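Q: Letter by letter, the chains look like this.
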Amino acid sequence: MTDVETTQEKTTVVDRILTEYPQGKRDALIPILQEVQAQQGYLSREAIVKIGKHLGLAASKIYGVATFYNQFRFQPLGKFHIQVCRGTACHVKNSTAVLDTLRRELKIEPGETTRDGLFSLEVVACVGACGLAPVICVNGEFYASMTPAKTRRLIEEIRERAEEHGN
Amino acid sequence: MTVSAETKRSGATESAKTVTITVNGRSVEARQGEMLLTALKRAGIRVPTLCHLENLFPSGACRMCVVEVDGFANLVPSCACPVTEGMSVKTHSPRALRARKTILELVLANHPDDCLYCVRNDNCELRALAAELGVRQRRYVGERRQQKEDLSSPALVRDPEKCILCGKCVRVCEEVQGVGAINFVGRGSATRIAVAFDEGINLSSCIYCGQCIMVCPTGALREQSHIKEVMDALKNPEKFVVVQHAPSVSVTIGEEFGLKPGADVEGLLVAALRELGFDRVFDTAFAADLTVMEEASELVHRIKTGGKLPMMTSCSPGWIKYVEEFYPDFIENLSTCKSPQQMLGAIIKNYFAEKQNIAPEKIFSVAVMPCTAKKFECGRMEMLHEGIPDVDAVLTTRELVRVLRMRGMDFKSLTPQVADTPFGDRSTAGKLFGATGGVMEAAVRTAHYLLTGTDLPDLKVEAVRGMTGVKQARLHIEGKDIGIAVVSGLGNASRLLDEIRAGRNDLHFIEVMTCPGGCIAGGGQPHSTNLNAVKERMQALYRIDREGTIRTAHGNPAIKRIYQEFLGEPLSEKSHHLLHTHYHKRDVLV
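Residue numbers (our numbering), protein chains in the order written: chain A, 248 to 414; chain B, 3 to 592.
Calculated from the structure, these hints are not laboratory results. Be careful, since some hints might not be right.
Stated by the list, open to error - Residues of chain A placed beyond 10 Å of chain B at every Cβ, according to the derived structure: (1) P278; (2) A306; (3) K326; (4) E352; (5) Y390.
To be verified - Computed from the model, here is a short list of chain B residues facing chain A with C-beta under 8 Å: (6) A198; (7) F199; (8) D281; (9) L591.
These numbers were taken from a predicted model, which means no experiment stands behind them. Glycine included, each C-beta is placed from N, C-alpha and C at the ideal position.
Sequences are here, hints too, so could you generate the full structure?
A: Here is the structure:
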């Protein structure tokens, strides 16, 4: 699929969502953003500009609102979506080191996706698994008592697995 | 001609009812419903603020204006507290002062302290306030976020590390100019002012008006400086360096050298520019006269031939970019005339170069402007002529002041001089271009002459004068009924365009200036600019017009000569080639 086709397809999804909300009704912004992200996995530039035109809001304003909340992302999810718990218990058990390791290994910041599309990184508040601290979650699967070394091994394993499956 | 004015007064109407409040033990009269800070200011009691914008809804962001109010347990931000009868206030109590100092120290916790090198070092509000409150050491050291300067635009530079998040730039951009190029992005300590998607300013809808620079209390926003280019050209013996100065500069720049607001220092300005080493000093107001000739002829032509109406002025480059982005359906309504800066640039590199036998590429053409958007305008593709730009560099009034200080020039003691011919002779109509309504007034004078063959008995067109954001009038010339509107501030322009989109069709000619009040309040003017100074500058322009001998563009002998010798007549082929252009729809992040 070429980029052009992707854009066009996304555009129609956003258009369909926007038909459900009256023009210029600004208080519908967050529900619209949530729905677009639910359908597309992230908020694309095209989507934000389109929503802005529909609601009469500047793109900068929508970006401002969306970046206020952790739930919105501006890049598509990776094949492996890694969530790092930064809750109190995990913090005490040095989740900072785990997050820093991931940053270094993947060369991305939270909210971003690696260029090969394999990994995306997200920081979340307490996931309610304090007994497993520090905990990370890859595509919904929990990994307990993480250390920088364990984190590096996990990333390596995922990379190898992905290569075997022809990425 | 008769004129019927239908001036709309904008702004909130405050009730005339007064209340009495007690401030620091003395009785103060205040207007019911107004904010405490406004009442204090009028009473001559200065309470500091870093986020307040006059005539806009208070944001209460900086908390510098906190005061003690009897009956309130906590300190109250005076900018957001309406006065009530009998209110008792302490503005500089030990408690209020201590709170202000602590708040400021917290603001400073992650602020760079390279003030020595900062562009705002002599007029930074933050630095002044720190001195005022007696901050003598760094009590709090916050984590510094490393953020790169945004050098992407041709007109403005953003240095986010110096930003204190007061939000004034965001508000002026959205609420006054209706652009919304920047906003608060992120949350908590990661909050920053940014363009959508953290892109460079050049990809945003920013129109480069520079009003954000004017309200910024720190060095977080500044113009893209052309000082180096100009100084390099001045010391290059191969270059023939010419300069033009805009109508509003001569009634402004004196303030920076200790003269009263509204002092006209045209002669001193010319002398100073010559002293700097410019080979020729010209007056942009001459080109404003030229613009009037072309634009009034274009208007008459459009009215007579059923062309696209209402015609809209095209002197203000921020407004042009705004139309290209937000109202591309009105591009046809824009006058095809280039702005005076660009007209004079084109004339210098063609007519003048030919006459003086200088190769156009040897000429370095500088414009001194009250405007940051002019820096963008001179680099537009439409403004190149066979690959050579009409104007090479633009210095804002602020930058010229810096250059004059650098050269140690004792501005006031210079001997006034007159500008060079042939582009130094102007009418006072061209001078009026510096204020909102000035282009309209100058154009009406000449359009009347073109339509009737006679001058207006009284040249003054009162209905288009003054600071009001939207002014409208109907002219009755020889049985023709012409609707005119004068708008400054693009928020006002946007509302008028929306009316026209919705079907309003009684207007023939609209003047739009990007900055509220016109070029005298432009984004390239000194930071000391305030409403009072702007009004004085406006009066100075009116005074120049009142006392002038040549008060119409068509009456300017230098203009008659250039048409005789070179251009032929207004809208001639040569005029079209050099003095006119057209604009295109622009896709940006909006």
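Q: Please go over all the hints and tell whether each is borne out by the structure.
A: Status of each hint after checking the structure:
Remark: the non-interface label on P278 (chain A) is consistent with the geometry, its nearest Cβ contact in chain B lying 20 Å away (cut-off 10 Å). With a cut of 10 Å on Cβ distances, A306 (chain A) falls inside the contact zone with chain B, its closest approach being about 4 Å. Consistency note on K326 (chain A): stated as away from chain B, and its beta-carbon is indeed over 10 Å from all of that chain's, at 24 Å minimum. With 10 Å as the threshold on Cβ separation, the claim that E352 (chain A) sits away from chain B holds: the shortest Cβ distance comes to roughly 22 Å.
Look at Y390 (chain A): its CB is around 27 Å from the nearest CB on chain B, clear of 10 Å, so calling it non-interface holds up. Given hint, A198 (chain B) at the interface with chain A, holds; its Cβ is 4 Å from that chain's nearest Cβ, closer than 8 Å. Interface restraint check: F199 (chain B) against chain A, minimum CB-CB distance 6 Å, threshold 8 Å, status holds. Taken as an interface hint, D281 (chain B) does not check out: its beta carbon lies about 44 Å from the nearest beta carbon of chain A, beyond 8 Å.
Restraint check, L591 (chain B) versus chain A: the minimum CB separation of about 5 Å is within 8 Å; hint holds.
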